[in-house]
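Listed below, chain by chain, are the residues.
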Amino acid sequence: MGGYLGSQIPSFVSDVTSASGDFTIGSDLTVNSDATVSGGIYLGGTGSANYLDDYEEGNWTPVIKFGGNSAGQSYSANVGKYIKVGDLVTVFGVVLFANKGTSTGNVTLTGLPFSATDWTNVTSIEGGTFVCSFSSGLSNLYNPLMFAVVGGNTVANAYSSTSDGGSLDDNVDNTKFSNSTGLRFSGSYYVGPV
Amino acid sequence: MALTEETKEDKIEIVGDFKHVQVRTATVIKRDGVEISRTYHRHVVAPNADITGESTEVQAVCAAVHTQAVKDAYAAHLAAQEV
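Residue numbers (our numbering), protein chains in the order written: chain H, 1 to 194; chain Y, 1 to 83.
Only chain H is shown next, with the shape it has when bound in the complex (with noise of 0.2 Å):
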């Protein structure tokens, strides 16, 4: 079944089935219910770049490390968010220490809920940061605790600058954190095609 549904559009009082064919609707289509939507939808065009196939909410598990590693960690809470449309994903996070362990070396984000890009070979820092908002318990930071994503990876490096004016790039260790460290962050980035 298809069809053309001009300047009038029906009312319909029970489900309508297509077994085959198209519907093209030339006027507003007004949905007073859900939608469900068994593939994607084309906006503003018809090319693959308007193509949304994908929308998820859900959550996701920040756990840090350090160097790698999180021996004797314990939180209060880390808990996160995360809204995927189409290939971006925005998180947001909560990292509340109740013990930092004693594993050492460079700060990780570890847990992200999808895997990051790798979709340019300039660096391999792929663009998806995330921004500490707020934070509590760090020491020796003079800027802002920021995630970098890892292209090809599931983890963000940690960076700020560890001197008064320095660039903004430096490594976070562990010894910028305490036991009482909480991270409050979101950010975005890709997982789509290369």
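Everything labelled a hint here was simulated from the structure, so no lab data went into it. For each residue, glycine too, the CB sits at the ideal point set by N, CA and C. Incorrect hints may appear among the rest.
Unchecked claim - Dumping the calculated PhoX-like pairs for lysine-lysine here, alpha-carbon to alpha-carbon at most 20 Å:
hint, chain 1, residue 1, chain 2, residue 2
1, H, LYS100, H, LYS176
2, Y, LYS30, Y, LYS8
3, H, LYS81, Y, LYS11
4, Y, LYS8, H, LYS81
5, Y, LYS11, H, LYS84
What the hints assert, rightly or not - From chain H, some residues computed to sit far from chain Y (all C-beta separations above 12 Å):
hint, residue
6, ILE25
7, SER74
8, SER76
9, THR104
10, LEU138
With chain H fixed as given, assemble chain Y onto it according to the hints.
Below, chain Y without anything else, positioned relative to chain H:
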């Protein structure tokens, strides 16, 4: 009225050159057998990850796709990281 809660891994995806295994865990609440709530939790298993805490199904997928060649390539990728 009976409320039930079910947790299941409803999507296991293999993505990228390094075969990251993306796992979505759904928590489904049903009232008298009818779903009234569904929430998701996600995590990703990298080729170098400890998989002992994963489900047997995820472990099987990881064992299949995280070959030594993939692990070696991933290790080289990590070693070659440049800012």
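Problem set entry | H/SER76 remote from chain Y - nearest C-beta pair above 12 Å | Per Cβ check, H/SER76 is outside 12 Å of chain Y; nearest 19 Å; holds.
Problem set entry | Non-interface claim for H/SER74 versus chain Y (Cβ beyond 12 Å) | Non-interface label stands for H/SER74: nearest chain Y Cβ at 17 Å, farther than 12 Å.
For this session: Would you mind confirming whether the straight-line C-alpha gap from H/LYS81 to Y/LYS11 stays at or under 20 Å?
Result: Satisfied, since the Cα-Cα distance of roughly 18 Å is no more than 20 Å.
Exercise. Are the Cα positions of Y/LYS11 and H/LYS84 separated by 20 Å at most?
Worked result: Roughly 15 Å separates the two Cα atoms, so the pair holds.
Problem set entry | Outside-interface status for H/THR104 - nearest CB in chain Y farther than 12 Å | At about 19 Å from chain Y, H/THR104 clears the 12 Å cut-off, so the statement holds.
Problem set entry | Given pair status - H/LYS81, Y/LYS8, alpha carbons within 20 Å | This hinted pair holds, its Cα atoms lying about 19 Å apart.
Problem set entry | H/LYS100 paired with H/LYS176 [C-alpha distance capped at 20 Å] | 11 Å, holds
Exercise. Does Y/LYS8 lie within 20 Å of Y/LYS30 when you go C-alpha to C-alpha?
Worked result: With Cα atoms ~14 Å apart, Y/LYS30 and Y/LYS8 stay inside 20 Å; holds.
Exercise. Checking the smallest CB distance to chain Y, is H/LEU138 really beyond 12 Å?
Worked result: Correct as stated: the minimum Cβ-Cβ distance to chain Y is 21 Å, above 12 Å.
Problem set entry | Non-interface label on H/ILE25, tested against every C-beta of chain Y at 12 Å | Its Cβ never comes within 12 Å of chain Y, the nearest being 30 Å, so this holds.
Comparing the model with each earlier hint shows no violations; every hint is respected.
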